[in-house]
Amino acid sequence: MGYTEETRKIRHDATIYGMPDLRLVEAHRSSPGPAEAEKVMPLLLDALTSPLTAKEKNSAKWAPEEPRILFEGNLQEAQEFYQQTENLPGILNAPFAKYTDGLPIIVPTEELVEEMLKGTSHKPDELITLQRDIEVRGGPGMMRGMSRKKGDVVKFMPMSRTATVEQVAVNAVMSGCKPKDFPVVLAIAESGGGTGDGRGGGGAFLVSGPIYKEIGMNVSYGRFSIGNPANKTIGRVGGLLWRNLGGYKESVTTIMTYGNAVTNGGFILAEYAEALPPGWKGLNEELGFKKDESVLMAASPGAWGLGQTHMPGVYRSLQRTGHGAIARYLNVKGTPGPHNYLEFLTKDIWACREGGFTLVLVPQMAQDLYNYGFKTKQEIYEWMWKKAFEPLKDYRMRGTPDESTNGWMGIERTSGKHWKELSDDYMVPVGGADPFSAYNIIVCDGQETASERFSGGHGQAFSIDAWR
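Position 64 of the sequence shown, counted from 1, bears residue number 197 in our numbering, the numbering being contiguous throughout.
No false leads were mixed into what you were given.
Quick list of simulated restraints, FRET-style, between CB atoms: (1) GLU536 <-> SER163: 12 to 22 Å; (2) GLY532 <-> LYS553: 15 to 25 Å; (3) ALA196 <-> SER254: 22 to 32 Å; (4) GLY438 <-> SER254: 35 to 45 Å; (5) LYS424 <-> SER254: 19 to 29 Å.
Calculated pairs, DSS-like style, for lysine-lysine (alpha carbon to alpha carbon, straight line, at most 27 Å): (6) LYS313 <-> LYS346; (7) LYS311 <-> LYS256; (8) LYS288 <-> LYS256.
Since the hints were derived computationally from the structure, they do not count as laboratory data.
Every residue gets a Cβ at the ideal spot worked out from N, C-alpha and C, and that includes glycine.
Construct the complete structure from the given sequences, taking the supplied hints into account.
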């Protein structure tokens with residue numbers, strides 16, 4: 134069953150998974166719920182119980198043959214060819230880029246693709262596969278806790294396609310990457326790239342390990358801004374993989390509401406592990422790798438700038454002399470630091486949303502938390518997770534649990550009990566499933582004592598070194 138505007142996408146998905154003539158019942162999004170249910174339920178029951186027709190039993194799969202050479206001609210003609218658009222009825226006939234993310238690209242000539250392939254020891258015709266066993270942490274189309282094995286072929290969503298190293302190289306060239314960047318790009322490809330089926334988060338990547346120096350990533354001032362070629366071109370490549378390898382086409386192969394302004398145009402952040410306080414692990418070590426290994430973590434920042442805001446000088450006043458707005462809030466006026474900045478930052482941070490977040494700190498702020506008493510990152514994750522509990526009577530007033538609890542007919546994860554067995558004062562963990570998956574801390578260079586916060590904690594990790 135699907136809404137009428139989703140029919141085209143559902144037909145595409147059904148074809149991908151071998152059911153091109155899947156039986157479908159359409160519902161209208163704008164009709165009153167009870168009236169629509171009365172109309173749809175008999176149709177749905179009939180569709181589920183009636184024998185399949187010969188046509189509905191058809192199990193043919195869509196397997197397009199795509200040419201290796203997309204265009205032949207001069208450079209100017211190629212530039213015009215790659216910048217083609219098509220009008221899509223589902224988005225009111227607005228132009229939609231056929232081969233790009235909507236921005237100009239570098240034309241992927243044979244020579245440039247060949248040069249890009251020098252950035253890896255992997256063969257051009259090698260399929261993108263998992264380079265290690267992983268325990269899936271969740272994501273579009275994946276069940277949390279599901280195991281996947283080394284050698285499993287990566288499927289690029291939303292069309293569930295496979296791709297070769299050379300095809301990834303083509304998109305790396307288009308994005309403007311250099312051969313030295315290519316192992317990072319291949320790790321992005323191993324993660325599935327892009328934003329999955331288009332309805333969830335994704336499209337963001339965190340880099341940990343020494344490779345950030347080798348390729349010149351910016352871990353300091355302006356790390357989310359313009360000017361640094363590595364950050365801008367590598368961050369952008371996920372969207373091109375999503376479009377060209379995954380087959381993303383809005384209102385045709387996927388349906389989303391608005392998109393994600395946080396990841397639009399590319400989102401990549403590298404860790405400055407040299408500034409970590411003693412005992413704080415880098416992201417690579419937290420995710421099970423060694424300190425000198427370079428890894429990439431796929432992230433899903435659906436929201437930006439969470440928590441209370443403040444001027445950098447107000448933070449410095451708090452920790453130096455105990456003055457300013459944060460000091461007044463913490464009731465430590467006149468008392469020099471260290472003070473627990475997290476008490477201020479997390480005030481009402483879960484009032485309008487659920488789940489955890491990633492906290493990007495400059496070295497001084499990380500050191501202040503260490504001096505206050507947080508000797509490991511894990512201690513901070515647990516502190517924030519416990520801070521987010523609220524009574525069930527309040528949790529019922531939120532907008533998302535009606536769906537996430539299966540209409541309150543499911544099992545609450547921390548107690549193991551049916552939701553309807555719990556009392557009104559039972560404390561529900563609004564801040565995520567567990568401390569580690571819900572929260573994350575990255576330390577970057579900088580002197581201005583202000584933090585960046587975006588939704589999502591620890592995600593799936595992929596080895597960059599495996600793609601050298």
